[in-house]
Amino acid sequence: MNNKTLKRLGLLFLLPLLLPAAAHAESNTWASWWLPPTYSVHGPAIDSLFVWIFWLTTVTFVLVQVTLIAFLIKYRYNPNKKKAVFTHGNQKLEMYWTIAPAIILLVLSLFSIRVWNNYRYSSIAEDPTRVKILVIGQQFQWNTIYPGPDGEFGRYLSFPKATDTKWPDGKKHGGIEGPAFLPYEKSIKLINDYNESNPLGKDYDDPAGKDDIYAPALAREIVLPADRPIEVQISSKDVIHDFFLPNYRVKLDAVPGMRGVLYFQGTTTSQQMETRKTYKLDEIADKVETPEFANLVIDVDQKSPKAVMEINKQSKLPQWRYVDAKKATVARDRSPITKITIDRLKAAGFTEITLYQPFVWELVCEELCGQGHGKMRGQLRFVTNEEYDSYKYDKPLPTPAPATPGVAMGKMP
Amino acid sequence: MSDTLHADSAHGHDDHSHHAHVAPGFLKKYIFSADHKIIGIQFLFMGLMFFVIGGLLAMLVRWQLAWPNDSKHPVPILGMLLWQQYDGKAPLGQIKSVDVANKTVTVTGVEYDVSKVGDSVSWEVPDAAKPTESKAFAGTVKAISSGEAIVSTDAFPADAKPETWAAAKIAVKGKHVPGQMPADFYTMAFTMHATVMIFFVIIPLLVGTFGNFLIPLKIGAGDMAFPFLNGLAFWSAIPAGAIMITGFFLPGNAAAAGWTSYPPLSAIQFNGGGRVVAAHEGIFGFMHATDSTWPTGPIIVGFFAWFMLFAFVGAYFIRFKNTAANVIVTIVLSVVVAYFFTLGTQIASFDGQSCWFLSLFILGFSSIMGAVNYLTTIIKLRCPGMTMFRLPLSVWSLFITSILVLLATPVLASALLMNLIEHHTVLINGNLYRLASFFTPFNWTLTNQTQGNAGGGFPLLHQHVFWFYSHPAVYIMILPAMGMVSDIMAVFSRKPIFGYRPMIYAMGGIAFLGFIVWAHHMFQSGLNPTLGTTFAISTMFIAVPSAIKTFNWLGTLWGGNIRFTTPMLNAIAFVSMFVIGGLSGIFMASTAVDVHIHDTYFIVAHIHYVLFGGSTFGIFGSIYFWYPKMFGRMMNETLGKIHFWLSFIFFNCTFFAMHILGIGGMPRRVADYTGYSTFSHFQQMNQFISYSAFALGLSQIPFIINFIGSWIWGPKAPRNPWLATTLEWETESPPPHGNFHEVPVVHHGPYEYSSPLVEEDYLLQTRYVEGADKLVVKH
Numbered sequence: 005m006n007n008k009t010l011k012r013l014g015l016l017f018l019l020p021l022l023l024p025a026a027a028h029a030e031s032n033t034w035a036s037w038w039l040p041p042t043y044s045v046h047g048p049a050i051d052s053l054f055v056w057i058f059w060l061t062t063v064t065f066v067l068v069q070v071t072l073i074a075f076l077i078k079y080r081y082n083p084n085k086k087k088a089v090f091t092h093g094n095q096k097l098e099m100y101w102t103i104a105p106a107i108i109l110l111v112l113s114l115f116s117i118r119v120w121n122n123y124r125y126s127s128i129a130e131d132p133t134r135v136k137i138l139v140i141g142q143q144f145q146w147n148t149i150y151p152g153p154d155g156e157f158g159r160y161l162s163f164p165k166a167t168d169t170k171w172p173d174g175k176k177h178g179g180i181e182g183p184a185f186l187p188y189e190k191s192i193k194l195i196n197d198y199n200e201s202n203p204l205g206k207d208y209d210d211p212a213g214k215d216d217i218y219a220p221a222l223a224r225e226i227v228l229p230a231d232r233p234i235e236v237q238i239s240s241k242d243v244i245h246d247f248f249l250p251n252y253r254v255k256l257d258a259v260p261g262m263r264g265v266l267y268f269q270g271t272t273t274s275q276q277m278e279t280r281k282t283y284k285l286d287e288i289a290d291k292v293e294t295p296e297f298a299n300l301v302i303d304v305d306q307k308s309p310k311a312v313m314e315i316n317k318q319s320k321l322p323q324w325r326y327v328d329a330k331k332a333t334v335a336r337d338r339s340p341i342t343k344i345t346i347d348r349l350k351a352a353g354f355t356e357i358t359l360y361q362p363f364v365w366e367l368v369c370e371e372l373c374g375q376g377h378g379k380m381r382g383q384l385r386f387v388t389n390e391e392y393d394s395y396k397y398d399k400p401l402p403t404p405a406p407a408t409p410g411v412a413m414g415k416m417p
Numbered sequence: 136m137s138d139t140l141h142a143d144s145a146h147g148h149d150d151h152s153h154h155a156h157v158a159p160g161f162l163k164k165y166i167f168s169a170d171h172k173i174i175g176i177q178f179l180f181m182g183l184m185f186f187v188i189g190g191l192l193a194m195l196v197r198w199q200l201a202w203p204n205d206s207k208h209p210v211p212i213l214g215m216l217l218w219q220q221y222d223g224k225a226p227l228g229q230i231k232s233v234d235v236a237n238k239t240v241t242v243t244g245v246e247y248d249v250s251k252v253g254d255s256v257s258w259e260v261p262d263a264a265k266p267t268e269s270k271a272f273a274g275t276v277k278a279i280s281s282g283e284a285i286v287s288t289d290a291f292p293a294d295a296k297p298e299t300w301a302a303a304k305i306a307v308k309g310k311h312v313p314g315q316m317p318a319d320f321y322t323m324a325f326t327m328h329a330t331v332m333i334f335f336v337i338i339p340l341l342v343g344t345f346g347n348f349l350i351p352l353k354i355g356a357g358d359m360a361f362p363f364l365n366g367l368a369f370w371s372a373i374p375a376g377a378i379m380i381t382g383f384f385l386p387g388n389a390a391a392a393g394w395t396s397y398p399p400l401s402a403i404q405f406n407g408g409g410r411v412v413a414a415h416e417g418i419f420g421f422m423h424a425t426d427s428t429w430p431t432g433p434i435i436v437g438f439f440a441w442f443m444l445f446a447f448v449g450a451y452f453i454r455f456k457n458t459a460a461n462v463i464v465t466i467v468l469s470v471v472v473a474y475f476f477t478l479g480t481q482i483a484s485f486d487g488q489s490c491w492f493l494s495l496f497i498l499g500f501s502s503i504m505g506a507v508n509y510l511t512t513i514i515k516l517r518c519p520g521m522t523m524f525r526l527p528l529s530v531w532s533l534f535i536t537s538i539l540v541l542l543a544t545p546v547l548a549s550a551l552l553m554n555l556i557e558h559h560t561v562l563i564n565g566n567l568y569r570l571a572s573f574f575t576p577f578n579w580t581l582t583n584q585t586q587g588n589a590g591g592g593f594p595l596l597h598q599h600v601f602w603f604y605s606h607p608a609v610y611i612m613i614l615p616a617m618g619m620v621s622d623i624m625a626v627f628s629r630k631p632i633f634g635y636r637p638m639i640y641a642m643g644g645i646a647f648l649g650f651i652v653w654a655h656h657m658f659q660s661g662l663n664p665t666l667g668t669t670f671a672i673s674t675m676f677i678a679v680p681s682a683i684k685t686f687n688w689l690g691t692l693w694g695g696n697i698r699f700t701t702p703m704l705n706a707i708a709f710v711s712m713f714v715i716g717g718l719s720g721i722f723m724a725s726t727a728v729d730v731h732i733h734d735t736y737f738i739v740a741h742i743h744y745v746l747f748g749g750s751t752f753g754i755f756g757s758i759y760f761w762y763p764k765m766f767g768r769m770m771n772e773t774l775g776k777i778h779f780w781l782s783f784i785f786f787n788c789t790f791f792a793m794h795i796l797g798i799g800g801m802p803r804r805v806a807d808y809t810g811y812s813t814f815s816h817f818q819q820m821n822q823f824i825s826y827s828a829f830a831l832g833l834s835q836i837p838f839i840i841n842f843i844g845s846w847i848w849g850p851k852a853p854r855n856p857w858l859a860t861t862l863e864w865e866t867e868s869p870p871p872h873g874n875f876h877e878v879p880v881v882h883h884g885p886y887e888y889s890s891p892l893v894e895e896d897y898l899l900q901t902r903y904v905e906g907a908d909k910l911v912v913k914h
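Chains A and B, in that order, are what the protein sequence lines are.
Here the working numbering is used: the first residue of the first sequence is 5, the next is one more, and so on.
Here the working numbering is used: the first residue of the second sequence is 136, the next is one more, and so on.
Be aware that a few hints might be false.
Restricting the straight-line Cα-Cα distance to at most 25 Å, the calculated cross-link-like pairs of lysine to any residue (SDA-like) are [what the hints assert, rightly or not]:
#1 A:86 <-> B:689
#2 A:343 <-> A:366
#3 A:85 <-> B:689
No wet-lab data here; the hints were simulated from the structure.
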């Protein structure tokens, strides 16, 4: 079977998708009984395999149950019937119903293997344009590390033990060479201090880790570009967690002592999911305290011609902001709209402002990790590649090499 | 030789008929029995008792999922008992001055937002007459400002002195309100629900009860090959149960790492709480029980459980000529040994998780002893004429199950022992060491605690070893039900089983494949993806023997004369529900689809369709079917049908909807899903499931009434109430000690219903009819 035939067969998979998709169109609280919408490149293949199995099992289910009920009705107890049919079986039938499911399941396995290999052995692994992030699970939060401009991660997750004669970073802490030289209670205290100051066990001597970006805030968003392939490295600091993106058909356990790798690519930016609306400041001044504005945040529109706008370099993470003539901050990107902000904006000469409700995809921990398991929610924000590059989270997209004239000439007859 | 230790020679059957008339004493007949029928019934009671516990835990889990984060729906009873809250906050502050004239006191140190005007408050002050005792007063807050509050009281003593009242703490006396379930309790509840249901309900009921009761009766043996070992299997399950229940009463509560107990989570002492108390001084520190965490109640119960085990051993091995001497020596020895075992148990299991490991480790012994017994009995003690291919399918299924138990349980035991050792820390020279690190890796740490973790282990190792047992265990939990359902279906269809040999080969195929599919639980665990593919293919193919069995059951119904008795209804439900459970398994078998549904409610739905829809309906059917043989009374059909229909309807309402949650991606084992915008819209669905689950719980009441009531008021059962063909229906109901008065002789297969050779529509296995063994009709 060549590649083209396989592709055509793959298209067949999409046909059964139509019905649930139609059901999904009118989604309300009771209607969303189907798979959550997919936003990844490999997702539709998994979904169509799901739908394929769904219809296969549904047909089998209906056939078996209908036969069962029909037999129960047809052969129900009849006092006039002295004896039932006396038979010990049928060898031919046994053959048929052994071989038929075996063939169906074999074909299903082959399709499944193809989808699985495309997902786990993705070609993204060799793609030089891929973006890397390192996700480290911890009770009960997710830590995201960006490799910085060099595109490489440093070493993480080396923690001192009470029996160690050297600290993981090789330096002295509390004036001693290693925790083993201290009485137990004291060494535990020093180890806890060490771990608190270096929660991810980072090796600060590793040159690759010098420019890594990590913000320890809880529930911080993971920011990723939508139009570049992504490599997620997953590990854990304490117990087993599970990195699950329900909208991306991506799942892998975060196992301490292991570094799992996943590849996927998004299709949509968060901005495409948001609706932005521009409001006149005078009109909304009285309404900003109402629930209508409760979830809305300010969009610091970088293209706005009137805006005095610059990147906020004080915080570790770059954030755009409006500044007034004295370079004082008027409003930050994605900050909530309040009465004070409106006054400040007016003072700085603004007459209107763009507001929107931020859209994030959810990151779910799917492996029991303790009592706070249900609270271990993360957020995922997809941005455009330009915006991502401007954050300097990763090495920028390499410019494609210009076609050398020699090659072009070589092709000439 | 004892009257019960007889069946160990080739001539055991001949000896046996003499011994059958020597009735053992009350204790040896009903308590320390070595009779397989009594032991089977003991397992039945144990299983049903744990069924109630496991079921109630499930109700708690469902309550939390229906109303997470909703203070308007506090948990009934437990919310008042365990998680009671004040609607006010305490303490208010300290008494500063007393105004006798106005009957008020001024309270100082009042924090912001602690109380409001009108709150009831109470305080205690030393009694003027008796300084050692204190007197309680109550009052109402009259005025409040930051820092100070004025409290008035009616019961004001005339001789109240500000000096004695000063510094008395005054507390707001709010109304008691029942509270919400904490997340750690929820985690414990579903962990213990699964553990109890799997290890203490389904396995003891299917393998313990029916394995014991049916095997000797159906193969025409007087008893098991090793009756004493059989009794030991039951009595060692009792300490296991006691230790598992003890977990609830220990600090930090029972195990809460899921029934799979994945380390490093399960390696954390006091899971969730994170305190280390069970550090024993020195390697031999375990000799001192001074740091026991066990309350008195569990110690007494644990001691009693161990005592019964050793008293059972003593009852059969201590045999002086004098009965009184026997009893005294047995009691004294059992007390001494049980004392040391109770001591050791307390040290080995100091928190819920270590109780979990130790309990299942001991229960494993029980399983292995049972399996050895079943295999030997089926191979060695079949009556004359009973060839392997004349065995009923229930015996075949128990035979194959026993092979699974014998090969898989030791592997679980190794995993449990390694986990138990890893769970312990020991204090040597003031340093705290984890006893071993089989599963915890080098580079891990726990927030704010060290626990002497040396590391060097591998977390996935546990998963491999655990699932190497626990996947075959799924078949341990379904194969006996399949066999018994086959028996029931043949009886009430009045037809031979369709494809008797293919049914056996299919069970063999399931058992074999069951050993090479374990890693399908680990597709998303970081396993090598190619290894995942290998296991995906073997898992896909396990659907083939399952399909063969289903089609053969349909073939058995075809052309039958089907009687819809309660056992038959349950058996049909088994087939129907097993189909759903089997088909939903195909989704998970595909590694790619499993990416989305792994660890979601889809898995929960699947396992409940197999273990409730399959095994539990099989158990219900079997209880209704063999109850007359067990207790000599017929069960009430009307109550039985009410129980069946209610269970069947609410079971489907409860668990079918879980598929939808799973497709939506809702994670299992999460106490509160409302924080996720992706899943918060599932609350209505969860409430529907919970209402159905409560109804399913209540639906078991007719069964309890029927079970107990029939024992007392049920009509006496004849020998063969269902007009069945197998050997157990030839003897009295209940069978006498020794089962058969004469050794039965078998002439043909087990399912000769509607045979054209006889007048009736059934042909007993012992009834000789010319040519019946050669009459094999194939359509």
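Status of each hint after checking the structure:
1. Only pairs whose Cα atoms come within 25 Å are accepted, and residue 86 (chain A) paired with residue 689 (chain B) is accepted, the gap being roughly 21 Å.
2. The straight-line distance between the Cα atoms of residue 343 (chain A) and residue 366 (chain A) is roughly 31 Å, outside the 25 Å bound, and the hint therefore fails.
3. Note on residue 85 (chain A) and residue 689 (chain B): the hinted pairing holds, with a Cα-Cα distance of about 20 Å set against a maximum of 25 Å.
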